[in-house]
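Q: Line order of the protein sequences matches chains A and B. First residue of the first sequence? That's 1 in the numbering used here, and the numbers climb one at a time after it. First residue of the second sequence? That's 1 in the numbering used here, and the numbers climb one at a time after it.
Simulated from the structure, these hints should not be mistaken for lab results. Since this is a predicted model, take the numbers as computed values, not measurements. Idealized CB from N, CA, C, for every residue including glycine. Mixed in with the good hints, there may be bad ones.
[As the list claims (entries may be wrong)] Chain A stretches covered by chain B per the calculated footprint, using a threshold of three residues with CB under 8 Å from any CB of chain B:
no., stretch
1, 194-207
2, 220-229
[Stated by the list, open to error] Taking beta-carbon pairs under 8 Å as the criterion, some of the chain B residues facing chain A (in silico):
no., residue
3, Leu155
4, Leu176
5, Ala177
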Amino acid sequence: MTFFDVKNLTVKFGGLTAVDNVSFGINEGEVFTIIGPNGAGKTTLFNLISRLYTPSAGQIIFRGEDVTRLSAQQIAGRGIARTFQNIELFESASTLQNLLVGRHRHSTTRAWQDILRTRKVRDEEVAHRRAAEEVMDVLRLQRYRDTTIGALPYGVRKVIEVARALCVGPTLLLLDEPSSGLNVEETNAMAEWILEINRRLRITVLMVEHDMSLVSRVSNRVLALNYGKMMALGTAAEVQGHPDVIAAYLGA
Amino acid sequence: MLDFTQQVISGVALGCVYGLIALGFVLIYKATEVVNFAQGEIMMLGAFMSVTFITTLGLNYWLSFLLCVIAMAILGAIMERLVLRPILGYPQFSIVMATIGLGLVIRALVGIIWGTDDLRIETPFTDGVFTVGKLVIAWDALSIIVATILLCAALYAFFRYTRVGIAMQATSQNMLAAYYMGIPVKRMFSLIWSLSAMVACAAGILLAPITLIHANLGFLGIKAFPAAVLGGFGSIPGAVAGGITIGIVESLSGFYLPEGFKDVAAYVVLLAVLLWKPQGLFGLNAIKKV
Chain A
1 MTFFDVKNLT VKFGGLTAVD NVSFGINEGE VFTIIGPNGA GKTTLFNLIS
51 RLYTPSAGQI IFRGEDVTRL SAQQIAGRGI ARTFQNIELF ESASTLQNLL
101 VGRHRHSTTR AWQDILRTRK VRDEEVAHRR AAEEVMDVLR LQRYRDTTIG
151 ALPYGVRKVI EVARALCVGP TLLLLDEPSS GLNVEETNAM AEWILEINRR
201 LRITVLMVEH DMSLVSRVSN RVLALNYGKM MALGTAAEVQ GHPDVIAAYL
251 GA
Chain B
1 MLDFTQQVIS GVALGCVYGL IALGFVLIYK ATEVVNFAQG EIMMLGAFMS
51 VTFITTLGLN YWLSFLLCVI AMAILGAIME RLVLRPILGY PQFSIVMATI
101 GLGLVIRALV GIIWGTDDLR IETPFTDGVF TVGKLVIAWD ALSIIVATIL
151 LCAALYAFFR YTRVGIAMQA TSQNMLAAYY MGIPVKRMFS LIWSLSAMVA
201 CAAGILLAPI TLIHANLGFL GIKAFPAAVL GGFGSIPGAV AGGITIGIVE
251 SLSGFYLPEG FKDVAAYVVL LAVLLWKPQG LFGLNAIKKV
């Protein structure tokens, strides 16, 4: 059984086939990256996998279960978390509060218990708080714990979004352009975090990324898309050297 | 001075009702960015339902109150499911028209079921007065103020401490992110409608003793709208503060100014405040980055 499988995935928007018969599998523990020129269908593919769009045809299998028809909120319950290219944090809440919302699916208390603050509520709260603190320790976010997101720089927010996704407790983490909007140092730091998450926390990572230095540094395998079709699949070096990929990027 | 205090108190009581309706506007707007123009009619429906429970069925006031609020919670969720959910994502204009249509449907149904006569209910507060020195406060006015305070405290606790309340806040701040935290966003929308229908229903029943119950009660929603705008249209304390401000202004202008000023006073205050603070009293700077 493969960890994550995409089979013949296709989506059409009117007359445009944005993702055309794409199939690939991800092994457990891998960092798998999707690259391609602008408009290649990377983000569309990503949104299909995270169930924001519904495919016209094809299947998505996660740990033996068909998740093609699940709703976006059910995806979190299966252990898949994602970040967004343009950062979707709760801006008027603090870092800690954002991470605690990430714990939502692990919380089982009912409204009346919350109001009465029963023992179960207090115990759960301690556990959630501990989980959030651990994530903040790993990603060195402790000093931003009580700062409102709106007051933090973009680069920090980007890391906080990854932290919040980790609080969901995923086995598969989807990162949508983790380096976009970051400067060189921040991109280097992001590469370190991705490796740390993958190796130390043993979380499988699927990402869409433009920055080839980041891609070749962290990815086990790379899939290149163009016009919604698969162009090449292999290690970063293999894909970068593929004649079709070179042609697509240079516009030959 | 006595007259003044007396007017202020009755203004606060009426203002609390405006505030509660405005609260319903704000709850729905914050979560779904939809202005629900049927809010006044939902309040009216709550008042009419209390007639059925109290007068027709002869039930106890408190029990009837509870049953009405529960029934409205269910109806609120049904309205969301049948009217709003199918057109979610359509232009704002279509959604606003749908809520206006919903309001008209409720008005017509109320006319069919309860008729067009003015109705009244017996409450434990009817005719009772409370005197402090020369000041006379009617029990029904006092009941509105006390109930509003209790309701606000309950809502505060709900949003601050419960998991559902926090999930609702998360949904209203960022829907996309809420989805990927595993929050059932669509169920949250239904719950928000339930909650705001419950608040409107409570407002309707509290208001019933001081006005009669009739099909035009829904127009009070038009008065609550400036209350919500005055408060900043995104702020829950703002909605209540806005409502009370408008209630006091209306009451005082009805007493001190010539006939007719009462009905426009609320809008004059609204315009004046918006000139000075375009975001409303409690509004945030809602500048959206593109």
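Q: Please flag the earlier hints that this structure goes against, numbers listed from lowest up.
A: 1, 2, 3
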